[in-house]
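With these hints in hand, go ahead and build the complete structure from the sequences.
Residue numbers (the numbering used here), protein chains in the order written: chain A, 1499 to 1789; chain B, 224 to 549.
The set of hints was computed from the structure by calculation and includes no laboratory data.
Keep in mind that a hint or two might mislead.
Okay, derived cross-link-like pairs now, DSSO-like style, lysine-lysine, Cα gap no bigger than 30 Å in a straight line [claimed, not checked]:
#  : chain 1 : residue 1 : chain 2 : residue 2
1  : A       : K1755     : B       : K360
2  : B       : K360      : A       : K1760
3  : B       : K307      : B       : K501
4  : A       : K1720     : B       : K360
5  : A       : K1720     : A       : K1760
6  : B       : K307      : B       : K360
7  : B       : K307      : A       : K1760
8  : A       : K1720     : A       : K1623
9  : A       : K1755     : A       : K1623
10 : B       : K420      : B       : K501
11 : A       : K1755     : A       : K1720
12 : B       : K501      : A       : K1720
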Amino acid sequence: MLTILFDGIAYGMLLFVLAVGLAVTMGLMNFINLAHGAFAMVGGYTTVLLMQRLQVPFLVCLPLAFLVSGLLGAVLERTLYRPMYRRPHLDQVLFSIGLTFMAVAAMDYFMGSSQQIIQLPAYLKGRSEFDTPLGLLGMGHYRLFIIAVCAALTVALQFILARTRFGSRLRAAVDDQRVAAGLGINVNIVFLSTFAVGSGLAGLGGALGTEVLGLDPTFPLKFMIYFLIVVAVGGTSSITGPLLAALLLGIADVAGKYYVPKLGGFIVYSLMIAILIWRPHGLFSRLGGKS
Amino acid sequence: MKTATQASAVLAGARWRVWEPLLWLAALAAPLLFPSHALIVNEVAIVALFAVSLDLVLGYTGIVSLGHAAFFGMGAYAAGLFAKLVMPDPVVGLLVAVALSTALGALCSLTIMRGTDLTRLMVTLGVALILGEIANKYSDFTGGADGLQGVVMGPVLGLFEFDLYGRVAAWYSIVVLMVFFVLSRRLVHSPFGATLKAIRDNRLRAMAIGVPVLSRLAVIYTIAAGVAGAAGALLAQTSGFVSLDVFAFDRSADVMLILVVGGVGWLYGGVAGAIVFKLMQDWLSSITPQYWTFWLGLFLVVLVLVGRERLLRPWTWFGASKGGKA
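Structure (structure tokens):
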């Protein structure tokens, strides 16, 4: 029972790191970016390549994965994404699906379609069990690590958003791009850096998640739906919304697959539809924000 | 054409043009002219019907749906199971499949009324995923991941046996496509269709002039679901097999691409897109069997960046504004 809760939290945290960049893209630029999973896949493959070919230690790979996919995000934002901001949602959907298809096929071509495996360092393997009054709690060390990293990231993100000058510029740009530009905020730079950080976070999530979620070229398509659920359910106006949504989703998914394996993803999808019909702008959306 | 009143301007699109019957005659002749390609003709007809269905919601009402495969799959499984368990008559099976997917569409239409584009994308996608999951889990009924096998169809109308070359299948699909096309055409050029376009262009204004927006959305979504179900039924009946991929995300994405290639908000757009897409798929997958989705993706990206209008009319590239890269 507690173990499931723990695994669910770890899974949810991972989903949050994967999805938070998307939440910002969608909330900030009102851009439906279905290619977000491709950045996560890039991060994952960066890790795999670095570890397998160059024997780079796992902990060094994580920031590198962040950097590589962040850079890629920045380049793509400059070249391809920017002209799409003003387009209708349909165009954005088609464009980003196209990018995803290309990424999937290209990865398949270069890396092969088999699932990639990474060797975790010894200190992250294994698991500890505790007897608590509520039952047995088994904690995999790697999952504990994921929770720690993701919690630190969440706190850092929240700090940046709420307390720094960049954060206030970003929030201004989210709420009203034109007024923000009028106040002398360079919205283009804010967008570029936010997109890059968002892609970088996706890459970091992909690197962290390789062991848990599995990594093969279909990754972007397989998990795109989960990211989108997190964002749609959580709302795009804050990062607490996606965080809570990701935790909810992670726990529901793990618990659902454990207790009623026959239903599989059914629970998550039904939950999403019910929530979205009930609150179409997301569970934790703020009134007055951009829809 | 004595008076060019506004009413006749609205109705102008409703009139049948000279080339339209010729086009359908050509379609009917295609299996005879290219007997070795009857299978492709059949596929094109099915995909075209599916695209016409999506056009009803996307092109005429502006609902962005990423889960249209839900109804396609529903129709396919309904027709397949009906043929297997009840009776093998194709026409009855088709009607049953249409009825069932229409019912499903009516149920799902409740989900598209609220929210933004993103919400609608997610909800429609979710419905398709749930149905796929159900079809996967109830494997003793649907065959699960192995697909529904052994669907044997009787002759169409008791007269025409499905042959090995797929000619009867192609004709059957074309005729069904034609029937639904004519009905859809009639629908979108009716006053009802005019209100749909009003909703698409400006929902607030449509509401202000007294269009019951929500019920119109629900009705057209339900109708489109039925048409998509017919397309799914055709696939199940002519291939004698249904697999889980009828619900797959790729299928919803493909049909959206087809429609966009052909042109949204113009029923022939779906048909034209289906022809282009199927031929392109056939050609690309014969060159690069494994990686053809890369080229599909590239095509999509270029299409959106350049703009479909300009891609379809290459002679405008050298006009005043030159942009995009191909």
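Report the numbers of all earlier hints that the structure fails to satisfy, in ascending order.
Violated hints: none at all, because every hint is consistent with the structure.
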